[in-house]
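**Q** Sequence:
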Amino acid sequence: MTPEWTPSSWRGHDIRQQPTWPDPEALAAAARELAAYPPLVAFSEVDALGAALAEAQAGRAFLLQGGDCAESFAEFSPETIRSGHSLIAAMGALVGAASGLPVIRVGRMAGQFAKPRTADMEEKAGVRLPAYRGDIVNGIAFDPAARVPAPERMFRAYSQATATLAHLRELASKAGEPFYTSHEALLLPFEEALVRRDPVSGRFYGASAHFLWIGDRTRFPGSAHVEFARGLANPIGIKCGPSLDADTLLRLLDTLNPARAAGRITLIARMGHEPIAAALPPLLRAVASEGHPVLWACDPMHGNTIKAANGYKTRPMARILAEVRAFFALCPAEGARAGGIHIEMTGRNVTECTGGAAKLTEQDLSDRYHTHCDPRLNAAQAMELAELVADMLRRRAEDAAAA
Numbered sequence: 001m002t003p004e005w006t007p008s009s010w011r012g013h014d015i016r017q018q019p020t021w022p023d024p025e026a027l028a029a030a031a032r033e034l035a036a037y038p039p040l041v042a043f044s045e046v047d048a049l050g051a052a053l054a055e056a057q058a059g060r061a062f063l064l065q066g067g068d069c070a071e072s073f074a075e076f077s078p079e080t081i082r083s084g085h086s087l088i089a090a091m092g093a094l095v096g097a098a099s100g101l102p103v104i105r106v107g108r109m110a111g112q113f114a115k116p117r118t119a120d121m122e123e124k125a126g127v128r129l130p131a132y133r134g135d136i137v138n139g140i141a142f143d144p145a146a147r148v149p150a151p152e153r154m155f156r157a158y159s160q161a162t163a164t165l166a167h168l169r170e171l172a173s174k175a176g177e178p179f180y181t182s183h184e185a186l187l188l189p190f191e192e193a194l195v196r197r198d199p200v201s202g203r204f205y206g207a208s209a210h211f212l213w214i215g216d217r218t219r220f221p222g223s224a225h226v227e228f229a230r231g232l233a234n235p236i237g238i239k240c241g242p243s244l245d246a247d248t249l250l251r252l253l254d255t256l257n258p259a260r261a262a263g264r265i266t267l268i269a270r271m272g273h274e275p276i277a278a279a280l281p282p283l284l285r286a287v288a289s290e291g292h293p294v295l296w297a298c299d300p301m302h303g304n305t306i307k308a309a310n311g312y313k314t315r316p317m318a319r320i321l322a323e324v325r326a327f328f329a330l331c332p333a334e335g336a337r338a339g340g341i342h343i344e345m346t347g348r349n350v351t352e353c354t355g356g357a358a359k360l361t362e363q364d365l366s367d368r369y370h371t372h373c374d375p376r377l378n379a380a381q382a383m384e385l386a387e388l389v390a391d392m393l394r395r396r397a398e399d400a401a402a403a
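Everything in the sequence shown is counted per full-length UniProt numbering, starting at 1 for the first residue and increasing by one.
Honestly, the hints are just simulated from the structure, not real lab data.
This list has only true hints and no planted wrong ones.
Listed below are the simulated EDC-like cross-link pairs for lysine to aspartate or glutamate, each with C-alpha atoms no more than 16 angstroms apart in a straight line: (1) Lys-307 with Asp-364; (2) Lys-307 with Glu-362; (3) Lys-313 with Glu-362.
This one's a predicted model, so the numbers in the text were calculated from it and none came from an experiment.
Using the sequences and the hints given, assemble the complete structure.
**A** This is the structure we're talking about:
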């Protein structure tokens with residue numbers, strides 16, 4: 001028998017990628033206060049996204065998900081929101097025109113404030129401090145005071161998300177296209193505080209965003225993050241890296257979608273341009289053989305991060321495009337459908353990823369390297385990626401029409 005789920009049942013499971021809070025009572029008090037705040041998203045909006053993703057699973061729509069690696073308090077402005085929305089809208093228009101499919105526009109916006117880290121501590125010049133875990137937890141400046149996890153930052157994250165959503169709804173209304181928000185459900189005290197129950201249906205919603213995903217570091221069976229997502233009515237994403245085996249993935253699907261509801265699960269492959277050829281097909285075959293309804297999407301960013309000779313983290317555009325091409329080739333070979341992309345990007349003219357039409361080099365990285373965490377595509381590079389996706393979808397539609 002499956003144990004009863006509650007918004008706090010995750011607390012009895014294996015929890016990872018959380019900060020060490022110096023004052024647990026202050027954290028608990030902040031969470032209690034947030035629990036009285038209004039939901040950030042409407043239940044009807046979440047349900048509408050789930051229905052749209054079910055259409056994408058059936059091949060009648062395409063998911064375009066993108067935005068900042070980590071949203072920051074310092075760069076918050078109407079222009080940042082507008083440029084991010086405009087870029088996704090432009091990419092969606094291009095992909096939609098080429099494919100003939102409705103494009104589901106989902107931003108990594110209005111909540112992408114927490115970040116997992118490889119190490120708990122960061123060291124510079126012999127000084128060790130807690131790692132930066134996103135503005136919702138601590139500050140990016142490398143000094144002891146900034147790096148102390150501070151629960152009051154959750155209120156600022158809530159406030160910024162509220163303002164961002166208000167502006168996004170205005171922009172979406174003018175554009176005449178729905179726009180949804182998403183983030184990694186990582187900081188579980190914050191996420192739990194924003195769970196709301198629909199008094200009509202009785203279902204629980206993660207009201208911090210329309211779409212929540214579980215990261216590659218926290219998607220192991222028995223994890224607190226899997227347990228938290230299990231009871232939510234939201235569409236759920238699972239990041240699938242090269243270390244994920246087929247049996248584990250099937251266990252996750254049985255846990256997170258036992259009813260096998262359409263539109264519930266999006267599997268976001270983030271393999272790397274070389275590992276994908278060996279790592280993805282076994283997952284595609286396993287899911288198909290068990291008949292699980294999922295949407296397959298490609299994250300070509302996270303498996304292609306390297307350190308440049310000058311010390312900057314970067315992602316070569318050639319590797320990103322190579323992984324997308326491989327994803328679109330491997331899915332149909334195993335009877336699956338390439339149904340979406342998930343990318344880290346910005347509408348600003350940053351220099352964080354090398355290559356592309358502008359031929360950015362490692363020497364260019366220092367010009368406008370502004371990310372708070374990992375390198376993002378700039379607007380021109382993101383549109384170049386959209387052109388590739390549009391071309392592959394166009395050819396897929398032509399092949400289907402000719403068959």
